[in-house]
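Protein chains in written order, with this note's numbering: chain A, 1 to 407; chain B, 1001 to 1264; chain C, 2001 to 2431.
There could be a bad hint or two in this list.
[As the list claims (entries may be wrong)] Within a straight-line C-alpha distance of at most 20 Å, the following computed EDC-like cross-link-like pairs (lysine to aspartate or glutamate) qualify:
hint, chain 1, residue 1, chain 2, residue 2
1, B, K1008, C, E2128
2, B, K1159, A, E320
3, B, K1008, A, D315
4, B, K1159, A, D307
5, B, K1159, A, E310
6, B, K1159, A, D315
[As the list claims (entries may be wrong)] Stretch-level coverage of chain A by chain B, calculated; a stretch enters the list once three of its residues show a Cβ under 8 Å from a Cβ in chain B:
hint, stretch
7, 84-90
8, 286-293
9, 323-335
[Said to hold, decoys possible] Part of the chain B face toward chain C, derived, beta carbon under 7 Å:
hint, residue
10, L1022
11, E1028
12, I1095
For the record, the hints were derived by calculation from the structure and aren't laboratory data.
If you're wondering where the values come from, they're calculated on a predicted model, not measured in any experiment.
Note that beta-carbon positions come from the ideal geometry of N, C-alpha and C, so glycine has one too.
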Amino acid sequence: MPSRESDIATPRLVIDVAGLQSLIDSLRGDGYRVVGPTVRDGAIVLAEMSDVAELPRGWADDQRPGGYRLTRREDGAFFGHSVSAATWKHHLFPPEVVSWQARVDTEGIHVEAPAAPARYALLGLRACDLAAIAVQDRVLMQTAHPDRDYAARRERALLIAVNCAAPSGSCFCTSMGTGPRATAGHDLALTELVGDGEGPARSAQVPAGAERNDAGAGHRFLVEVGSERGAAAISALRASPPSASDLDAAAAVWSSAAARVDRSLDTAGLPGLLMRNLEHPRWDLVAERCLSCANCTLVCPTCFCVDLREAGGLDPRHAEQHRVWASCFSVDHSQLHGGSMRWSARARYRQWMTHKLATWHEQFGTSGCVGCGRCITWCPAGIDITEEAAAIRATDGLTGPPTRARG
Amino acid sequence: MQSTRRPKLAVWKFGSCDGCQLSLLNCEDELLTLAGAVEIAYFLEASTAVTEGPYDLSLVEGSVTTPHDAERIQEVRATSRHLVAIGACATAGGIQALRNLADVGEMTRTVYAHPDYISTLESSTPIAAHVPVDFELRGCPVSRHQLLEVVSAFLAGRKPLVPAYSVCQECKRRGNVCVTVAHGTPCLGPVTQAGCGAICPSFHRGCYGCFGPTETPNTAALSDVLRSCGMSGPELVRIFRTYNTGAPAFAAASAAAEKRGGPR
Amino acid sequence: MTHQTRDLSLEALSRVEGEGAMHVVIDGKTVTDLRLQIYEPPRFFEAFLRGRAYTEPPDITARICGICPVAYQMSACQAIESACGVVVDEPLRALRRLLYCGEWIESHVLHIYLLHAPDFLGAGSALELAREHRDVVERALRLKKVGNHIMDVVGGRSVHPVNVRVGGFYRVPTLSELRGLLDELRWARDAALETVRWVSTFTFPDLEVAHEMVALRHPSEYAVVDGRVASDRGLDIPVDAFLDHFEEEHVAHSTALHAHRKGGGRYLVGPLARYTVNHDRLPALAREAAADAGLGPECRNPFRSIVVRAVETLAACDDAIGLIEGYEEPERPAVPVEPRAGVGHGITEAPRGLLYHRYELDEDGAVLSAVIVPPTAQNQDAIESDLRRVVVENLGLRDSALQHLCEEAIRNYDPCISCSAHFLDVTVERR
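Modelling step: build the complete structure from the supplied sequences, incorporating the hints.
This is how it looks when you write it as structure tokens:
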């Protein structure tokens, strides 16, 4: 855990709720589309926003294998919830984008590059989300053929992280070394401090020109600057330097969040463990439960597989190619001449898990998993990647027919 | 240099509600372009003018439920270079395949006072049970986008891009919140083929499988999930017995639920 | 004296929904046999609804017809809600009316432009019309699309909407989603008015029918989603008395059941009947357009039904705009409906006319029996009798022209043959 002393070099300040609104306003004034968490359809989703009132104030979430429920908080925190239902991939690596278009006429073929994507300010990223973006940066940009759309969106994006106060039952960022505190990759990182904790936060409105004081300070945010772009974004805000008690309160949030992460994944020698257990009977057991529905891959913030599809329509003079999210759980994903080589659910689940936790290291130098827990929460069958890894580790080297591990 | 003969398209109706043909007429933005790209040679719903076959592409809607239709499909196949079955009736027998589970004579008597006037088969079967089919497009009704894709593909001489993965993929791409995980609502999405754009979850209801089984559906595992959402045995039997009741994976799933939970 | 045998077989009717045939035998100058033969394969909906849950008929009966699924969903909901003692009132009722407007627009425009108008213009299809009159066909397609768009937004999709359930909906649209329809609806209202004007220029054969005109009637609306059953001969009964006054009969030549008034008498349902019974309930704009198009307060010429449908399309566009402008987002998408033992009846006005559903439920809400009487089945007798008159009055025409006229006459009724066969092919033999 970084100490306060070592953080002294990071520029920091404190803003109140009105200041957060000012930040949003100024970003929008600069042409950013601000995207943040909001409550919709019984979950915390990400949507374009313009007002702090749209944030999920007073909402928290209870996440577990195959289950998600919103719950209420007493303290009116804006960010007192855990990871959002959908990932920030929807904005940096969207489900469907036009890769290119072309028309043919008497003069020949004319290829058009798609229009430049919007500038997004992403507000509310968690440390695990930042880590996932770093993974996708490696996969999609540090390569001989960078994905142009991703690179353009990434370059334009402003990343405002919020440090977790309330990890959920599915989270295991501490095992993956990715959180709960944001330490790299952010332009700004906020830690929400909800006053003296005696009940719902006091009114967000702080009288203009009021001095923030230490004792019984209101609802406020410690802002840590992570980049020049971040510094520029807050340069015009009315803010105060953090007091000692602000820094103490923030450190308490960070450490209590880490302590609350309940779930773990033992990563010691994990790639080797999985790759020497490719015939372990556990794969057969999980295959009985796996729906091959692809939900896990589509909520995973690092999954990057895509289909490139022709989408030209009836007019033969027009061609259009779309890049669309795909999944290794589709039979088509392993289609070769003559057929698919991963026909069984067992083969596909094994492929996903071993890629995510093992072969990703070979390919990209890191784990593919950031411990956000979304695959656990959003699997309708409640399959839990940490449980599967633990089961294999507990019976390393087992062969033979599967035995029932669960009722 | 090339022949300017447009390919001949024919649209045929068997035992059905007409909804799949209507989906073609619902391609309002594309209909006139389509009419320019193909010769709509036989489409009784839309046109009196009929051009004789053979036809390059026949779209067949509806299931085979009468002796007359069992003969007619043979004629349609013989006169068609490519034959595409469209919709749940043509690809799985439709909801009228519920008769396959029951006593058809008894059903006829329920509906018709003079059942001897009615000539019908004991079963409702998909087109592929009678003739070779070049492609099957699922849906109740089919998606008009996929219908256009099928026609475009056959015109271009390529395979239609009609994915067989689950509705969940469309649902998640659309940014929907999962009705099962977040609301406890039973949903057939994980075992149902995509194509509709995940409409039902977008409208806060569980998928009811109108596009039929996905590739490699694990209906046993999903049945466990549905039961944990509070579905009773009889409800589980019924949810697999609708528009694609004749599809083998759904028929097996409902039979398994019936065996395990018993009917009412 | 030799008798000339005329065989005017039409194996399959075109530009009608579903599969039907007509068989006519003319002996000299007498029509000795005339039958509308429905060979649409029977699908036995009423039988396999038994044993299903009370929540299922709206989705299942929608599959009786791809052109009017909303009508089935609405009649089914009303009947089941009636059995369970629930009334769905505003603002959910307003949403149901709006969804229904979408279907009327889609179905009527389909019929007017794609199925019926070609007859009046000597074309085999609207696609053929598009060669000379592309702008007219484009207007048709755009107008039909507006109807479909309403159903997409309120119902989820236009063929077999997913958002309808007993008690209301699964999800209600937001005000902004509905207001997003207003611009195109205003265009549609103008286009509908233009449609009335356009069809009023057609040449209509003379035919006045004397059937009893039966339609729903409502105290203030041009009845669509509910009302009492009324007629131009003074009938005024509640929906649940329908089977006391009307009955179905199974005839040998048809897989569709024929309906008639108990105690005899053919009757007609659909646009002509609605217009005649409810002329005073039309929105002013539609009434004026009807008058300008040469319609009086009643219409008994089936060939002019195309004008009536255009007037109803205009009324539906106008209604939809009013419903959206007055929309308040409901607090909940549906009212709770607890099942109970009993019988319920529901009648709503499908684009083609009265659609009656009756369900008997047990105490757990399982369906014990189902009776569905679609509009086209109710019109069969009327269609056959009118066809007979058309043939008799036009015997001088040569065979192909007479055959053509017969088929056109059938199209006046916009028969929905898939519906009527749970229900056509013209063969005319002249001997």
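Requested in this report: Starting from the hint list further up, note which numbers the structure goes against and sort them upward.
Outcome: none
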